[in-house]
Amino acid sequence: NAGVTQTPKFRVLKTGQSMTLLCAQDMNHEYMYWYRQDPGMGLRLIHYSVGEGTTAKGEVPDGYNVSRLKKQNFLLGLESAAPSQTSVYFCASNEGQGRYNEQFFGPGTRLTVL
Amino acid sequence: GQQLNQSPQSMFIQEGEDVSMNCTSSSIFNTWLWYKQEPGEGPVLLIALYKAGELTSNGRLTAQFGITRKDSFLNISASIPSDVGIYFCAGEIQGAQKLVFGQGTRLTINP
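Protein chains in written order, with this note's numbering: chain X, 511 to 624; chain H, 201 to 311.
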């Protein structure tokens, strides 16, 4: 199993450009998450999904949109990138709640917005 | 939102020393998880705790779920260079469907 994979690994955007980050998992997990990590801030939840076709807002959702059309994929979109969105983005997945809430993380996408 | 206070923020130790870090919250959690992140990588799960008072080991690592369900600690014994990284605690409030993460403890080891 590849686990959780993220595409691309690095990206540089100009302010106002749009892009989509792709997360894929091959563990048949129900729950998927998008986080951003900034220096000294830990991991902050952007959006998450508890199943195919569902999405919910996390702690810092503004400026981002997500879609979960297929169970194995979770897409994070930036419609109009801003320098404040320069960060490292991590995707994670897990089976469910309780003893199934152990999240597995992807390797991250490093995004720079100029 | 919910907050986890993780301390210390950073540690500079000598190889062979023991390490202790902890997380506290004003909320009650039903799960505590400890992750390690190395440079350029995503966090990797080290230990998961599911019951108040539970004490679990993974090699030289030991973690405990506090009796009040509002705190957890992680100990690393006899540190080695490969222990370098950022350690995160994470907790789940029952039914929340998501984790709350601490700010991380950056561990640096002098050989």
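These are computed hints drawn from the structure, not numbers from a lab. Please note that the accuracy of each hint is not assured.
[As the list claims (entries may be wrong)] To be clear about the criterion: a stretch of chain H counts as covered by chain X if any three or more of its residues have a C-beta under 8 Å from a C-beta of chain X, and this derived list gives those stretches:
| id | segment |
| --- | --- |
| 1 | 210-223 |
| 2 | 262-270 |
[As the list claims (entries may be wrong)] Reference excerpt, derived from the structure (chain H facing chain X, CB under 8 Å, subset only):
| id | residue |
| --- | --- |
| 3 | 231 |
| 4 | 233 |
| 5 | 245 |
| 6 | 285 |
| 7 | 288 |
| 8 | 292 |
| 9 | 297 |
All C-beta atoms, glycine included, are put in the ideal place defined by N, C-alpha and C.
A quick look at each hint next to the structure:
no.: 1; hint: 210-223; verdict: violated (count 0)
no.: 2; hint: 262-270; verdict: violated (count 0)
no.: 3; hint: 231; verdict: holds, 6 Å
no.: 4; hint: 233; verdict: holds, 6 Å
no.: 5; hint: 245; verdict: holds, 6 Å
no.: 6; hint: 285; verdict: violated, 13 Å
no.: 7; hint: 288; verdict: holds, 7 Å
no.: 8; hint: 292; verdict: holds, 5 Å
no.: 9; hint: 297; verdict: holds, 6 Å
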